[in-house]
Amino acid sequence: MAIRRLFIANRGEIAVRIIQTCRMLGIETVLGVSEADRDGLGAALATRVVRIGPAPATQSYLRIGTMVEAALRTGADAIHPGYGFLSENPAFARACEENGIVFVGPTAAQIAAVGDKLAARRHAEAAGVPVVPGGAVASPGEAEALARRVGFPLLVKAVAGGGGRGMKRVADMASLGAMLDRAMAEAGAAFGDARVYLERFVASGRHVEAQIMGDGARVIHLGERDCSVQRRYQKVIEEAPAPNLSDALRHALLEAALRFARHIGYRGLGTVEFLVDSARDAFYFLEMNARIQVEHPVTEAITGLDLVAAQIAIAEGRGLPVDQRDVAFRGHAIECRVNAESIDRDFQPSPGVARTVWFPSGLDIRVDTHMQSGSRVPPFYDSMIAKIITRGETREAAIARMRHAIDAARIEGIDTNLALHARVLAHPDFQRGGVDTGFLAALLEPGEATRDGAREG
Amino acid sequence: MGAKLTLEDVRAILALLDASTFDELHIETDDLKLSLSRNGAPAASAALVPAPVPAASPAPRPAAPAPAAPADTSDLVDIPAPMLGLFYRAPKPGAEPYVTVGATIAPDTVIGIIEVMKLMNSVPAGLAGEVVAIVAQDATLVEYGQPILRVRPH
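Those protein sequences? They're chains A and B, same order as listed.
Be aware that the first sequence starts at 13, since it is given in our numbering, and climbs by one per residue.
Be aware that the second sequence starts at 573, since it is given in our numbering, and climbs by one per residue.
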């Protein structure tokens, strides 16, 4: 079924990004906006705008009923959930299915299958994909037995957690019992699901993820991305391809991602995340994200594919827009996430009015943003205000272009993390390529390195 | 919100600005935009600019009732929709509407229902007054904040 009018259940840069592809495809867009986003760029660019509720996300962007009602009443045939908010909520996908609206994404069952960390782990094992040694535990006795096999230090993780939330590091057997109790109590309170599992703590790891897409019958990959430059489990810089990865490991990792996606008959765009143990030249499955990722532009930059258009083609039932043999990789791409935050004040968010917003443009410089001079950064949502993406024939060229872009960008009126990007890009370890997830913490505060050694998200 | 600005209001706002350490004051609500500044800043005198109809809300709106003489409308207040959904004036098709023009309402008077995904939410008036106009059309989509009723408050 051809989508003629698409409802966008999101905001910020991704709403603007989706509108751009829809314009190109001749699809009308309806953007649901909260009270805080009425004057935003997305609202100015969409074919139609509806006010869905007050500023807080729980009363607007997270309301399933409101979103579906708004889509139905504005004559939309499909809903694009973007990332975050309702994008990985199986109940939302199901509500769309039940109301005859095409959900641009996987089935509700697939979202549920990968959203439950334990279920995802089981699928990975069944698909022959390596997982970090560990498993589910229901009692202190079970935990003790498993911990003996896995070894210390280890992590206690909430089944319903993710992105670093609901995770505890345990140093030795003596502290296991107490940590387990605390983790289960906290998981119950935070996620309404007290189940936890244990995993070996991998001290030095890189975050490498495979971009895959499937149409329910076939699955192909679009290469990998390295997202190891993170702060508190939040990605800061991403790049593609992953630098200094052996061809054998890269190949094995991409094949594992395909096996996982095929195992669940995946339909849509998705990302399979891995922890790469550089010392052992091994990798482990972390989780799968059943949506478009923030960092998708680096993959677009080196493949020349429009991933939002691909999502729409799959949702329309037209199958994969390309075959694996048609996917070619050219050059290297980097993305810097520009956040409204004060890096000198412990990364406090910096909402307010950005008097001046200017980004350079040019050959192989792309900026995805919803900001313009005078734009307001509301205090209610994520602090990411722009993504700068540069490409080059070589990694060095991509970095050089990014350093120029970061230096040239002008954002006044609010604080941003541009200076942090400049610092990372100038660092010899980053320039050499292949830093692990502890790199940024060590750079910011040398004492933090060990604590933030293993991440996901 | 919704109420028209009176000369007294403007004087009060000017006094506020005068007493403050600020050089400029901007107020923006659904239907007005007020910019004040002093000391030779761009808008030297108080400029009362009606806000343009926001392009951001092209929902099907019934034509607003022709405004009566300005003096009569200055005390009118619009009751906004508390949520997005399908607005119904009556409990079921064919039934008597909850309120009609001329009716007297109290804060807890139900003025309509808004359906969101088969869930019926009754909408209380939130204020006491006399209904001057039914602004939202029956069985149509109302957006969050869109006026439903126009009321002369008591």
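Treat the hints as calculated values from the structure; they're not laboratory data.
Please read all numbers here as calculations on a predicted model, not as lab measurements.
Incorrect hints may appear among the rest.
[Claimed, not checked] Label pairs and their in silico Cβ distance ranges: (1) L37/A with Q709/B: 52 to 58 Å; (2) D356/A with P669/B: 38 to 44 Å; (3) P669/B with E110/A: 28 to 34 Å; (4) L375/A with S646/B: 55 to 61 Å.
Idealized CB from N, CA, C, for every residue including glycine.
Now for the hints, and whether the structure bears them out:
1. L37/A with Q709/B: 52 to 58 Å: violated, 33 Å
2. D356/A with P669/B: 38 to 44 Å: violated, 59 Å
3. P669/B with E110/A: 28 to 34 Å: Distance hint for P669/B, E110/A holds at roughly 31 Å.
4. L375/A with S646/B: 55 to 61 Å: holds, 58 Å
The structure does not agree with the numbered hints 1 and 2 stated previously, though it agrees with the rest.
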